[in-house]
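Undergrad: Given next are the chains, with one letter for each unit.
There are 2 protein chains.
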Amino acid sequence: VNGRDVEFIQQSLTGINPADISTLLYEFNAEDSKYVLDLLPSEVKAEIINDLDEDIRERFLKSFEPGEITEIVNHLDSDDAVDILNELSVKEREEVIAGIDNSEKEANILDLLRYEEDVAGGLMAKELIKANLNWTVVQCIEEIRRQAENVQKVYSVYVVDNEGKLLGRVSLKRIILADDKTKISDIYESDIISVETYMSEEEVAQIMSKYDLDAVPVVNVQGKLLGRITIDDVVDVITELAEEERNIMSGIAGDVEEDDSVWDLTKARLPWLIVGVIGGFISAKFIGVFEEELMRITAIAFFIPLIQATGGNVGIQSSSIVVQSLANPSVFGGSMFKRLGKVLLVAIINGLVLSLMVYGFNLLTGGEGNLSIIVSMALFFVVLIASFLGTVTPILLNKVGFNPALASGPFITTTNDLLGLAIYFYIVHLLI
Amino acid sequence: VNGRDVEFIQQSLTGINPADISTLLYEFNAEDSKYVLDLLPSEVKAEIINDLDEDIRERFLKSFEPGEITEIVNHLDSDDAVDILNELSVKEREEVIAGIDNSEKEANILDLLRYEEDVAGGLMAKELIKANLNWTVVQCIEEIRRQAENVQKVYSVYVVDNEGKLLGRVSLKRIILADDKTKISDIYESDIISVETYMSEEEVAQIMSKYDLDAVPVVNVQGKLLGRITIDDVVDVITELAEEERNIMSGIAGDVEEDDSVWDLTKARLPWLIVGVIGGFISAKFIGVFEEELMRITAIAFFIPLIQATGGNVGIQSSSIVVQSLANPSVFGGSMFKRLGKVLLVAIINGLVLSLMVYGFNLLTGGEGNLSIIVSMALFFVVLIASFLGTVTPILLNKVGFNPALASGPFITTTNDLLGLAIYFYIVHLLI
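Chains as they are written, first to last, in the numbering used here: chain F, 147 to 578; chain D, 147 to 578.
Just so you know, these hints were derived from the structure itself, not from any lab.
Predicted, not measured: the structure shown is a model, and the values here were computed from it.
Treat the hints loosely; a few may be bogus.
What the hints assert, rightly or not - Each computed DMTMM-like pair below joins lysine to aspartate or glutamate, with the alpha-carbon atoms no more than 25 Å apart: (1) D:Lys319 to F:Asp337; (2) F:Lys431 to D:Glu514; (3) D:Lys488 to F:Asp401; (4) F:Lys311 to F:Glu342; (5) F:Lys319 to D:Glu240.
Generate the whole structure from the sequences, applying the supplied hints.
TA: Here it is, written out as structure tokens:
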């Protein structure tokens with residue numbers, strides 16, 4: 147690349163899959179990448195740009211003129227085009243849209259820009275093949291021929307009535323196997339699963355994976371067919387949701403990656419570290435209240451890490467199990483009451499086993515008898531309360547519209563830590 | 147169901163999607179479920195059984211005779227059939243296979259049973275449509291007609307040579323749009339992405355989502371086409387991997403869900419809790435070594451939670467970022483040296499900010515000057531070392547073949563906790 151050997155680059159990239167070229171570009175800076183991209187045919191260029199990670203693409207697009215972006219957008223499906231347009235400033239976006247020559251595509255894009263990015267309407271593409279209920283197979287094949295130019299991949303032919311209302315689907319396989327004069331109404335399947343424009347991307351992902359769908363049609367509240375969502379978009383949604391959950395669980399704010407700048411990484415990490423430090427400082431002040439007890443029996447301090455770590459571990463386990471069943475609502479059928487009863491039972495068993503273990507350890511290593519009993523008692527109650535909070539917090543967070551995985555994150559963990567300490571020192575205070 | 151009103155059940159379940167019926171069955175016990183299933187047509191029954199969660203299905207199948215299982219297996223694609231066979235005892239499996247009437251299906255199933263469940267060979271189905279390079283479109287359509295009976299969903303027609311070696315693919319759309327006498331060799335696409343039988347399911351999922359594929363052909367080392375993997379199986383793999391990662395991060399052993407038995411839940415949770423308690427107990431003994439210092443200056447104990455929580459948070463954040471870039475190898479191109487340099491820089495910034503914050507807090511709330519300096523120094527080093535370990539551990543775990551997410555789990559966290567304590571008390575010991 148540095149030698150700018152045009153022919154060599156063109157030759158070596160011919161026939162390589164665009165997804166591989168985009169991987170290659172991660173190693174170049176924006177200027178070199180643009181140089182390479184400009185050497186490629188514009189369809190390939192469009193596919194590569196479409197394949198890039200969002201944050202890298204945003205950086206790339208800064209070095210493109212609106213006219214060049216229009217050229218890229220012309221080669222993409224409406225849903226992918228809209229994703230790119232959403233990354234531009236309002237002014238650039240207007241310029242790019244004004245440049246689109248295909249008026250149908252322009253209308254499709256303007257229509258899709260209305261939707262939030264994280265609902266079904268924002269995920270769908272307008273490109274699809276629909277057939278009227280009253281057509282014959284021959285008419286239908288002709289229409290496929292006509293529409294197929296715009297549609298990169300045909301999943302199903304959707305069947306609609308005269309008002310455009312979705313009635314069902316007919317597979318390409320069925321069309322091929324049918325007789326020419328057969329009417330669509332005789333071969334279509336009427337039980338079809340569709341989603342509505344306002345559904346969240348999580349719901350769409352759940353429905354598609356529950357019913358093993360490769361594509362799902364999107365309808366408005368009147369049942370009119372507006373677009374389709376394909377499984378590849380949903381795979382991205384599932385992967386992103388998993389990443390988001392991991393970030394929340396690890397106390398990382400926002401969507402950062404190892405190759406982001408030092409500044410971005412620090413910005414994503416510091417907020418929750420600060421929360422933790424404030425929690426730790428409150429702990430310090432709290433323990434300070436019991437200075438007198440500590441001065442009398444220093445050994446009280448020895449067990450602070452034990453109490454805290456166990457409380458934290460129990461809390462995270464409990465939340466994690468609840469988060470999982472919130473994600474698959476089918477799994478848990480029982481009532482809240484039954485649910486908590488079970489959590490309590492598991493907590494009592496865990497608490498008993500751990501407390502007895504610690505008591506045994508203390509006996510064997512010659513710990514002071516009175517304190518040993520206190521530590522084991524505190525541990526038991528910490529397990530109980532951390533289980534309860536770990537179960538209830540994600541359910542409450544979910545009810546008020548937050549991501550339940552937050553309950554496994556540092557904010558709740560810090561609160562749990564403080565609570566564990568409070569229980570321990572309260573029992574110490576009572577019994578010593 | 148309890149009234150055993152046969153007609154009512156049959157009527158109300160007719161036309162309902164099998165995926166919905168299987169959700170319904172989660173609320174019934176095995177006996178009632180079997181009663182309902184036996185009332186349904188055997189294709190629907192097969193689809194429902196196929197849709198159930200693995201552990202629930204295993205429980206269900208216990209109440210089925212081998213003959214009944216054979217009937218179910220007869221209605222399923224070879225990959226799903228093999229999943230069910232893998233849940234049976236060897237004897238039952240033999241009986242079921244012996245009962246399969248279609249000899250091609252039997253051969254397919256026997257072939258698939260050879261593969262491990264978590265490699266491409268174990269994920270693939272044998273049902274696919276292949277066409278010889280030298281055929282015409284008419285011959286190809288006839289072959290599709292013939293093969294389509296066994297294939298539930300046609301994704302692509304795979305093109306092979308006379309030896310069965312995979313050469314490329316041709317889409318149904320292209321076949322429909324082509325002229326009858328066109329030869330396959332003129333319209334097929336030769337750049338096709340395939341996977342080999344021994345590839346892990348993670349690799350298959352990565353490839354399919356990287357190239358946005360709905361189906362991928364599976365070949366053996368000689369390049370011979372053996373089967374295909376469809377995106378719905380991979381969606382399941384991605385979801386399972388995310389769940390597995392969450393379980394590892396939260397210290398839950400194995401694959402449990404909220405509605406598993408109290409015993410299963412306890413068994414999954416206790417091992418890591420015990421690890422944590424042992425760690426806590428070692429901490430207690432470790433702090434005990436510094437009893438003398440603690441007796442002189444009790445305030446040392448106040449900051450134990452602060453040091454530990456921060457070390458833990460920093461470690462988990464660091465691991466999580468590395469785990470993410472291990473999952474998308476394209477993201478990070480730099481050398482190990484550059485990588486660690488960056489981690490160090492971020493750690494120094496975070497460490498400085500947090501240490502200064504704590505020092506400020508201590509000044510404002512009248513903390514003892516000498517100890518304040520020690521706490522801030524220890525905090526700084528803990529952040530540095532936890533960042534380093536949090537980065538290196540997942541890379542090492544990955545190298546030796548473990549899941550790198552283990553680094554965010556309780557075992558490593560416990561080690562980190564101990565290390566934080568050691569640093570703190572070492573500095574205390576040196577400077578007081």
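Undergrad: Against this structure, judge whether each hint is valid.
TA: Here's how the hints hold up against the structure:
1. Between Lys319 (chain D) and Asp337 (chain F), the direct Cα distance comes to roughly 24 Å. Compliance with the 25 Å bound is thereby established for this hinted pair.
2. Between Lys431 (chain F) and Glu514 (chain D) the alpha-carbon distance is near 13 Å, which keeps this suggested pair within the 25 Å criterion.
3. With a C-alpha separation of about 18 Å, the suggested pair Lys488 (chain D) and Asp401 (chain F) falls inside the 25 Å cut-off, and the hint holds.
4. At most 25 Å may separate the alpha-carbon atoms for a hinted pair to count; Lys311 (chain F) and Glu342 (chain F) meet this at roughly 13 Å.
5. A C-alpha spacing of about 35 Å is found between Lys319 (chain F) and Glu240 (chain D), which places the hinted pair above 25 Å, so the restraint is violated.
Taken one by one, the earlier hints fail for this structure only at number 5.
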